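*Asks:* So the sequence lines, in the order shown, correspond to chains A and B.
With the first letter of the first sequence counted as 1, position 25 gets the number 25 in UniProt numbering; the numbers rise by one all the way through.
With the first letter of the second sequence counted as 1, position 81 gets the number 81 in UniProt numbering; the numbers rise by one all the way through.
Since the hints were made in silico from the structure, they are not lab data.
Since we're looking at a predicted model, the values are computed, not measured.
Hints may contain errors.
Quick list of the computed label-pair ranges, beta carbon to beta carbon [as the list claims (entries may be wrong)]:
no. : chain 1 : residue 1 : chain 2 : residue 2 : range
1   : B       : Gln-142   : A       : Ala-222   : 25 to 35 Å
2   : A       : Pro-224   : B       : Arg-11    : 14 to 24 Å
3   : A       : Gly-241   : B       : Val-99    : 29 to 39 Å
4   : A       : Arg-14    : B       : Val-153   : 56 to 66 Å
C-beta atoms are modelled at their ideal positions from N, C-alpha and C, and glycine is treated no differently.
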Amino acid sequence: MTSMTPASTPPWRRERRAHFPGVPAWGLATTRQSPEPFQVSPLAEVTRQWAWDGSDGTGVRVCVVDTGVDGCHPKIGGLERSLEVVSGDGGELLVADCHPVDPAGHGTACAGVIRSIAPGASLTSLRVLTDGKTGTGDALMAGLRWAVDEGFDLVNLSLSTTRSGFRESLHELADRAYFRRCLLIAAAHNMPVVSFPWTFSSVVSVASHDEADPMTYYYNPAPPAEFHARGVRVPVAWPGGREIRSTGNSFAAPHITGICALILSKHPWLTPFQLKTVLYLAADNTMTRTTP
Amino acid sequence: MSRDDIDGTERTLLQSIVEVARHMFGAAASSIFLVDPDTGELVFEAVSGEGEKKLVGSRLPAGTGIAGWVAASGQPMIADDVSAVTQFAQDAAESTGYVPRTIMAAPLIRFEECVGVLEVLDRTASRSDLDDVEFLGLFATQAACTLELLLRVRHSRLQEPDRDPHALLRRIGERLPGKARPSDAAAVRLLAIADDLLAR
Numbered sequence: 001m002t003s004m005t006p007a008s009t010p011p012w013r014r015e016r017r018a019h020f021p022g023v024p025a026w027g028l029a030t031t032r033q034s035p036e037p038f039q040v041s042p043l044a045e046v047t048r049q050w051a052w053d054g055s056d057g058t059g060v061r062v063c064v065v066d067t068g069v070d071g072c073h074p075k076i077g078g079l080e081r082s083l084e085v086v087s088g089d090g091g092e093l094l095v096a097d098c099h100p101v102d103p104a105g106h107g108t109a110c111a112g113v114i115r116s117i118a119p120g121a122s123l124t125s126l127r128v129l130t131d132g133k134t135g136t137g138d139a140l141m142a143g144l145r146w147a148v149d150e151g152f153d154l155v156n157l158s159l160s161t162t163r164s165g166f167r168e169s170l171h172e173l174a175d176r177a178y179f180r181r182c183l184l185i186a187a188a189h190n191m192p193v194v195s196f197p198w199t200f201s202s203v204v205s206v207a208s209h210d211e212a213d214p215m216t217y218y219y220n221p222a223p224p225a226e227f228h229a230r231g232v233r234v235p236v237a238w239p240g241g242r243e244i245r246s247t248g249n250s251f252a253a254p255h256i257t258g259i260c261a262l263i264l265s266k267h268p269w270l271t272p273f274q275l276k277t278v279l280y281l282a283a284d285n286t287m288t289r290t291t292p
Numbered sequence: 001m002s003r004d005d006i007d008g009t010e011r012t013l014l015q016s017i018v019e020v021a022r023h024m025f026g027a028a029a030s031s032i033f034l035v036d037p038d039t040g041e042l043v044f045e046a047v048s049g050e051g052e053k054k055l056v057g058s059r060l061p062a063g064t065g066i067a068g069w070v071a072a073s074g075q076p077m078i079a080d081d082v083s084a085v086t087q088f089a090q091d092a093a094e095s096t097g098y099v100p101r102t103i104m105a106a107p108l109i110r111f112e113e114c115v116g117v118l119e120v121l122d123r124t125a126s127r128s129d130l131d132d133v134e135f136l137g138l139f140a141t142q143a144a145c146t147l148e149l150l151l152r153v154r155h156s157r158l159q160e161p162d163r164d165p166h167a168l169l170r171r172i173g174e175r176l177p178g179k180a181r182p183s184d185a186a187a188v189r190l191l192a193i194a195d196d197l198l199a200r
């Protein structure tokens, strides 16, 4: 069987095989075939120091799926790319390059939080909330699908949809992201309503705590919100070079995205489940504090 | 209930929502926007406290500022220390004529869709930001339910034939010169049929 995928492509980004070599379909005959070698980050002693000490997020590509990002803001410091979901001639949704602007301010705030924690990470903005009415449905799906295919390491999703019609396709997409080593970090809804995709186990879901330290975060043993990060009176970048203080789970998620960027930069071969485990082991309420 | 009764109740309800929201938080002002289902614009419907009542009816473009994000995302949000931010000052001045230091906004969600935004400006009776955003969200949910019931009553009334054909014709006349929507052409065809019937 020939494949168009180059040999350097890691297994998790490879095209799916058209057929499978039995044992059963998804198995591997390890008696005659060795498991394929791949890069491993062992988890011997996970401490905060191990997890991200000395890291600034360099080499990690983050996509902020939101309202756009003001690329000229001093706290953003430039974007790798700026894109938006637009309607094509036939009404189909496409992703196209656009000016790095943010008419609402929300995406800039999220990107600024990520940058403040991981100054070396590469940020790309993908605007999906452009239309006051339908922003959280089809455009979100089209944008997120693009981001997952594009191979970003992390996708910050400080939004969700309450439309149950999108549940199944979003679920599939979140699983696909997980298997492609594209970790979705999703903000929990701020109201007690059911929404997606933050409620899925394949993503990292984040709600707020009300402490002021950007690096303090907690594992929540009673999900669906798996982690609590800073989300109250957060100083955030706002279009026009300004800074305001803002409250909401929207601003908690990018703290975890920034921390994930630090970890991935130092340990680039971590899988999404390993990365979530490292987050868990280095959280303020679970980490083993080393005595000096 | 006549159409006027329903209109009156809707105005009272909208006003009551902003009055209660303002008093719950000891705020300088509270305002409510409803989303125009055709354009996505936010239509300023009512204000309590500081602000210009004459601005009721004015529109904000879709997806701009805090109210725009709240409508698009269906999520509440708090923004503090905003008075230095030109964009907010403009937004707020456009909607209420009052420039706030803090804005808190929550969506009015009807089924799975955001139909409006409730804003509270410069709250003073605050327990904590986390409690505030939750409290406003709860109140907005209740407000949206009430609004929903009223809209249903109005909708069922609209389906009954108009008692005054001249008022109906006037309203049709006002609505016709709008945008060239496919529904307009269909309406014109129906009018031609009506004209034909009346000429017999």
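*Asks:* Now look at each hint and say whether the structure bears it out.
*Replies:* These are the hints, each one checked on the structure:
{"no.": "1", "hint": "B:Gln-142 x A:Ala-222: 25 to 35 Å", "in the structure": "holds (26 Å)"}
{"no.": "2", "hint": "A:Pro-224 x B:Arg-11: 14 to 24 Å", "in the structure": "violated (40 Å)"}
{"no.": "3", "hint": "A:Gly-241 x B:Val-99: 29 to 39 Å", "in the structure": "violated (19 Å)"}
{"no.": "4", "hint": "A:Arg-14 x B:Val-153: 56 to 66 Å", "in the structure": "holds (58 Å)"}
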